[in-house]
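Visitor: Chains as they are written, first to last, in the numbering used here: chain A, 1 to 407; chain B, 1 to 607; chain C, 1 to 283.
Because the hints were derived from the structure by calculation, they are not lab data. Values in this document were obtained by computation on a predicted structure and should not be read as measured data. Every residue, glycine too, gets a C-beta built ideally from N, C-alpha and C. Check each hint, because a few of them may be wrong.
Said to hold, decoys possible - In silico EDC-like links for lysine to aspartate or glutamate, alpha-carbon gap of 20 Å or less:
| # | chain 1 | residue 1 | chain 2 | residue 2 |
| --- | --- | --- | --- | --- |
| 1 | A | Lys214 | B | Asp127 |
| 2 | A | Lys396 | B | Glu582 |
| 3 | A | Lys194 | A | Asp160 |
| 4 | C | Lys261 | C | Asp24 |
| 5 | A | Lys217 | A | Asp232 |
| 6 | A | Lys323 | A | Asp85 |
| 7 | A | Lys315 | A | Glu86 |
| 8 | A | Lys77 | B | Glu582 |
| 9 | C | Lys78 | B | Asp496 |
| 10 | A | Lys194 | A | Asp166 |
| 11 | C | Lys112 | C | Asp60 |
| 12 | A | Lys124 | A | Asp353 |
Said to hold, decoys possible - Okay, the calculated bits of chain B under chain A, using three or more residues with CB under 8 Å as the criterion:
| # | segment |
| --- | --- |
| 13 | 9–15 |
| 14 | 246–257 |
| 15 | 316–322 |
| 16 | 352–365 |
| 17 | 535–544 |
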Amino acid sequence: MNGGTEVAAQWTGFSNERMEPRMSNLDRRTLVKGSLAAVLMGAATSRAAFADAAEPIMLGVSGPLTGPNAQYGAQWKQGFDLALDEIHAAGGINGRKLAYQFEDSQSDPRQSVAIAQKFVSDPKIVMELGDFSSPASMAASPIYQRGGLVQFGFTNSHPDFTKGGDFMWSTSVSQADEQPLLARYAVRHLGLKKLAVLHQNTDWGRTSRDYFVKAAKEDGAEVVVTEGYIADERDFRSTLVRVRDANPDGLVLISYYSDGALIARQARQVGLTQTICAASSVYSPKFLELGGDAVEGVHIGTRYFPEDPRPEVRKFITSFKAKYNVVEPDAFNAYSYDAMNVAAAVLRIGGTDRKAIRDAFLKVKDVPSVIFGSVTFDPATRRVRGAMNAELVVHKGQFAIWDGKPT
Amino acid sequence: MSSWLDYTINGLIVGNVYALVAVGLALIFGVSRLINFAQGSIYLVGAYVGWVAVVQLHTPLVVTVILVATVAALVGLIIERFGLRPLQNSVRIAPLLATIGISFVLDQLVMLTFSPNPRALPSQLPDVRFQIGTGTIGPLDLLIAGVGIGSALLLFVFLRYTKLGWAVRATAQDRDAAMQMGVDVNRVNQTVFGIAAALGGVSGMLVGMYYNQIDTAMSLQATLKGVVAEVVGGAGNVPGAVVGSMLLGLVESYGVAAFGTSYRNLFAFLLLILVLTLRPNGLFASARQAPPEPLTGTFIAPSRPVRIPRWALAIAVGAFALLPLLPVSAYLLQTLINAWLLGMLALSLTLVAGTVGQVSLGHAALLAIGAYTSALLSLRLAVPVGMAIICGGLMSAALGTLLISPSFRLRGHYVSIATLAIGEIVSLVILNWESVTNGPIGLSGIPPLSLFGYELTSAESVYWFSFAVMVLLALLQGRLLGSHLGRSFRAIRDDDVAARAYGLSLNRYKALAFIFGGFAAGVSGGIAAHLYSYINHETFNTQQSILALTVVILGGLGNVAGAILGSVALVGLPEAFRIAAEYRILIYGIVLLLLVRFRPQGLLGTI
Amino acid sequence: MAGTTPLLSLRGVTRTFGGLTAVDHIDLGLGQGELVSIIGPNGAGKTTLFNLVTGLDRPDAGEVRLGGQVITGFAPEKLASRGVARTFQLGRVFGNLSVMDNVLIGAHARLKAVKPPIPLIGPLLELGLALLRPNSVKAEEERLRQEVRAILARFGERLLPRIDQPAYSLSYANRRRVEIARALALRPRLLLLDEPTAGMNPTETAEMQALIAELKAEGLTILLIEHKLDMVMRLSDRVVVMDEGRKIAEGAGEAVRNDPKVIEAYLGHGLSPTESDEREPVA
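Throw the hints in and build the complete structure from the sequences for me.
Guide: Pasting the structure below:
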């Protein structure tokens with residue numbers, strides 16, 4: 001680690017956006033003024049302050065607050081803040097509060113790399129969470145690895161992410177685990193034999209597609225056509241004609257909620273009546289809002305669902321709706337909520353020493369999780385196996401457990 | 001066979017949607033010879049105003065349309081009055097850049113007001129479907145067609161047969177003459193902007209309803225496709241814009257039919273390049289028109305560059321070289337490493353755009369070519385990293401120049417459009433050419449930087465390496481500019497007609513500039529690849545190209561020291577202002593606008 | 001003229017734009033060392049004719065020969081290396097370049113050391129040589145700079161003191177002089193001047209006229225477009241009159257001036273053929 005931490009603090013000069021739960025604009029402005037004042041007095045402040053028990057334990061978050069993926073960053077914050085409420089209500093981390101510092105990377109590798117250096121050089125930061133996209137995450141990995149700071153990814157899904165080193169850990173569901181579940185739903189349960197797969201043409205989308213196709217074939221189905229599209233695409237009509245011409249009996253969507261909704265709507269407009277089965281990434285109240293009537297009857301394989309009786313899910317959904325005004329949480333909220341809870345569990349075991357934190361990931365057992373049920377890390381892959389599974393269908397404009405009847 | 005009917009219908013339906021933007025663009029181009037890159041942002045504003053009207057105010061459709069049109073027209077008027085009119089006597093590059101800055105500002109304002117989440121925008125029309133082919137269309141399709149074609153027709157009649165319309169066309173042809181004839185040129189411009197903006201706003205609302213989805217990313221897509229459609233139809237040609245849009249829609253549709261969805265945008269941009277190469281004036285211009293009146297006046301602001309004495313430069317270089325020896329944080333070093341890599345790209349772009357006057361909006365493609373070449377050589381063929389990076393530079397020089405060469409015959413803003421398209425094409429080819437590039441999965445595990453067997457992993461060593469490479473490239477470029485090539489490049493920029501008359505082959509010198517610039521950019525990309533250890537098609541994108549252009553303008557077009565200063569500023573300041581994270585892009589857009597308005601020659605002046 | 005191959009010869013050169021015939025079957029011959037002026041009302045097609053000869057535009061029909069060799073439709077770059085230099089009606093200098101650089105560009109076609117005429121890799125060699133700057137390249141550059149100074153000296157104190165200033169900062173008249181200097185740097189066989197004194201006051205016009213006479217005396221072949229008829233009469237061996245794309249008269253100055261067709265053309269366009277906006281220059 002860099003010996004120049006004293007000067008480092010001065011160089012990083014302007015204070016950063018320190019996020020405490022439920023920060024209003026007024027608080028933020030006050031904090032800005034306060035921070036500037038602190039900077040002016042700053043140089044003389046003793047750095048021993050961070051050992052003070054009154055100061056929160058700091059996590060660094062690298063993710064998109066602006067730019068094309070900004071909406072996901074906003075959802076992360078919702079999940080984090082919700083988890084922090086609960087963590088603090090339960091006494092915090094051995095009596096201390098937990099807080100995060102969210103730096104806007106815009107999912108850009110250039111910025112995530114600079115942020116990585118920043119976090120690594122800042123002794124207050126004990127662990128990093130993020131980034132959103134694979135290029136941004138993986139570009140920063142070498143720095144986290146060399147700098148000895150855990151890089152904890154929870155939505156970046158590139159299969160090679162954890163190969164960056166033993167400081168790379170991830171709770172993002174491996175597609176190797178998730179896609180067979182989706183395949184089982186589509187092929188074995190819904191009885192679809194000839195599938196058309198539409199997927200985002202990103203590393204996540206492609207990896208998912210490859211695993212899905214493999215699993216579907218193993219289950220005895222035929223994938224008659226796969227179409228990869230650019231994430232921003234809005235018009236799918238011609239794609240759907242191609243799909244139609246391949247004569248599938250079902251469509252599989254490996255999409256996010258916006259594109260998923262568009263595809264579902266346009267499929268009906270193009271005259272496709274086949275069953276649609278989608279991956280968990282569409283699971284969001286937005287899918288219902290944007291899709292309207294067209295998503296009625298769409299099947300979704302998710303990790304949890306609104307009526308899920310599991311206590312961790314009930315707690316999550318109820319608190320989320322209470323905190324955020326009756327809005328239902330979606331998959332990204334769940335991932336970040338889980339991540340924060342896992343981070344807290346790790347910190348309870350590992351303390352604030354960065355190496356000990358890394359080692360604590362292996363010691364963590366059975367942390368309650370919306371996505372996994374309970375989290376234990378696999379030492380070989382530094383990931384978590386065994387995601388939960390729920391088979392849902394959109395019924396009367398709501399997500400409901402699929403009752404096994406054909407739609 | 002019925003599928004082809006469906007593909008055709010779908011192509012026309014999509015073309016319909018594109019036409020809405022293209023007509024507005026054509027109208028503005030027709031009057032002020034300006035490609036309005038902010039049209040997509042007005043479209044966005046319209047969509048969101050529509051949302052407010054429909055979802056919050058519950059206004060009936062007619063009122064919604066009027067409301068959206070009015071607000072959008074107002075926005076258009078403001079843009080014209082405060083963003084563009086002050087630039088009317090400025091150099092030709094200024095309005096182009098101003099509209100880019102305006103688009104950033106508008107998009108960010110919408111995002112800050114409404115949050116980035118996509119929203120549904122319910123259609124207020126009855127939910128009937130009409131069978132057509134094997135699919136269906138709805139009342140919105142018809143409404144959109146009506147608005148698109150109707151406005152094109154109306155505008156056509158207006159421009160041809162009314163007095164104000166003649167005034168508009170006169171202004172477009174020759175502003176000064178029109179003024180002398182008593183035309184109130186400012187009012188004409190305002191009127192047209194207002195109309196085009198109203199149309200744009202209503203289009204955004206209609207399209208939002210059509211897809212039942214609006215979000216802040218709509219703006220860029222709309223602008224890109226609209227520009228393609230408009231150029232294909234013939235810039236400034238309003239009916240041509242409609243036909244161009246239909247053609248674009250059909251080409252995309254058939255492209256998807258024949259090759260698959262991931263090739264869709266590739267076909268769109270290839271169509272654009274094809275048209276620009278064969279019929280730069282658009283499909284409806286006659287092949288051998290009178291050569292366009294040689295564009296008088298320089299493209300670049302005349303200025304006296306700030307001459308920095310050699311010793312001052314030497315001290316600055318020395319200071320930066322010694323910086324890692326001081327107790328500074330790795331964060332600062334990393335920030336500067338980003339600045340040096342951007343600086344190499346900026347050097348390349350300032351040569352091409354500044355010195356030679358080819359304002360390229362696709363320069364990030366050169367980074368990508370260099371990065372992938374270097375990464376693949378070291379991953380697949382175990383070529384030592386240093387050598388791989390040099391090969392990346394050479395490949396970028398050769399292939400990059402070859403790919404950009406179709407733009408050599410173009411002038412003014414067409415160069416920018418063509419290079420933008422070429423940049424997108426490179427990115428799409430990288431995405432689709434999976435056997436070589438791994439497609440969207442990208443290349444991971446790229447070996448770290450190493451020189452003569454020593455790995456460069458500490459922040460200091462990477463800093464010194466990239467700084468040294470940048471300084472070397474800057475020195476070479478300085479030497480180049482001091483040679484006969486320097487004056488040759490600048491002669492081409494200032495007046496390519498006169499340059500040709502004195503023996504300067506445009507293709508040759510533009511190619512040489514891109515070869516040198518391509519090498520610099522390719523090396524930068526190669527270094528980045530080994531630094532990040534993972535790259536994919538998104539790593540080097542249009543945003544990087546626009547950032548590089550802002551750097552170049554900030555520093556001063558053609559100015560080597562300026563390019564480096566600009567890079568440090570535009571990398572360093574956002575890092576210093578992480579506090580204002582949500583406002584960064586907004587500030588960036590405002591900075592661009594202010595620069596273009598008050599100091600188009602940049603901080604250190606154009607050379 | 002008298003039996004020898006004309007330096008420049010045009011036969012049946014035609015150019016139409018849409019419905020308009022800008023240049024209509026023009027025949028023209030220019031002997032070595034001659035100075036021929038082309039006059040005619042505005043819109044007669046004179047500049048278009050220049051464009052057709054210098055490669056900026058291609059004739060729809062007809063033939064252009066230089067020194068007996070066909071050059072129809074050749075690109076301007078190629079013609080530059082064959083010794084054809086021109087100035088432009090609107091005065092096109094390179095605004096951001098210094099006077100020195102402007103004139104040096106004129107000599108571009110003559111560069112040898114840094115532009116080896118080797119096909120394919122020639123451009124790359126040019127790049128390499130520009131970066132390396134071996135002695136031969138440096139020497140050539142220095143030689144050319146001396147030449148430029150000599151050319152600029154012909155303009156007295158007008159340009160030399162401003163040799164390093166950017167062209168955009170010069171007065172209009174000086175910019176036009178730079179244009180001429182640039183043309184001379186090419187060491188042309190054939191010089192085409194398009195209204196070199198447009199917008200100049202009587203003194204400046206007189207200086208320009210004297211310079212052109214000097215160049216003629218040195219043996220340069222010149223094709224001149226001008227409106228100032230006194231100047232035309234004094235300088236020209238022959239005068240060609242164009243109207244609406246056609247050649248309507250050709251011959252010695254006085255003869256042409258009094259040709260009723262010519263008077264008709266000018267009067268019909270509202271101009272008097274004796275219009276002269278200068279007084280008799282002194283000496």
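Visitor: C/Lys112 and C/Asp60: Cα distance at most 20 Å?
Guide: 35 Å, violated
Visitor: Confirm or reject the coverage of the segment 352–365 of chain B by chain A under the rule of 3 or more residues with a beta carbon closer than 8 Å to the chain's beta carbons.
Guide: violated (count 0)
Visitor: What's the verdict on C/Lys261 and C/Asp24, does the C-alpha distance respect the 20 Å limit or exceed it?
Guide: 17 Å, holds
Visitor: Are the Cα atoms of A/Lys396 and B/Glu582 separated by 20 Å or less?
Guide: Violated, because 38 Å separates the two Cα atoms, which is more than 20 Å.
Visitor: Taking 8 Å as the C-beta cutoff, is the stated coverage of the segment 9–15 of chain B by chain A satisfied by three or more residues?
Guide: holds (count 4)
Visitor: Does B/Asp127 sit within 20 Å of A/Lys214, going by the straight-line distance between their CA atoms?
Guide: 40 Å, violated
Visitor: C/Lys78 and B/Asp496 were given as a pair; does the straight-line alpha-carbon distance stay at or below 20 Å?
Guide: With Cα atoms ~15 Å apart, C/Lys78 and B/Asp496 stay inside 20 Å; holds.
Visitor: Does the alpha-carbon distance linking A/Lys124 and A/Asp353 stay inside the 20 Å limit?
Guide: Since the Cα atoms of A/Lys124 and A/Asp353 sit roughly 10 Å apart, the hinted pair holds (cutoff 20 Å).
Visitor: Tell me whether the statement that chain A covers the segment 535–544 of chain B is true, taking a Cβ distance below 8 Å and needing three residues at minimum.
Guide: Our answer is that it holds, as 5 residues pass the Cβ test (under 8 Å) against chain A, meeting three.
Visitor: Would you check the hint for A/Lys194 and A/Asp160, treating anything up to 20 Å between C-alpha atoms as holding?
Guide: With Cα atoms ~31 Å apart, A/Lys194 and A/Asp160 exceed 20 Å; violated.
Visitor: Just to make sure I understand the rule, a stretch counts as covered if three or more of its residues have a C-beta closer than 8 Å to a C-beta of the chain. Does the segment 246–257 of chain B meet that for chain A?
Guide: holds (count 4)
Visitor: Within a Cα-Cα threshold of 20 Å, do A/Lys194 and A/Asp166 meet the stated pairing?
Guide: 42 Å, violated
Of the numbered hints given earlier, the model fails hints 1, 2, 3, 5, 10, 11, 15, 16; all others are met.
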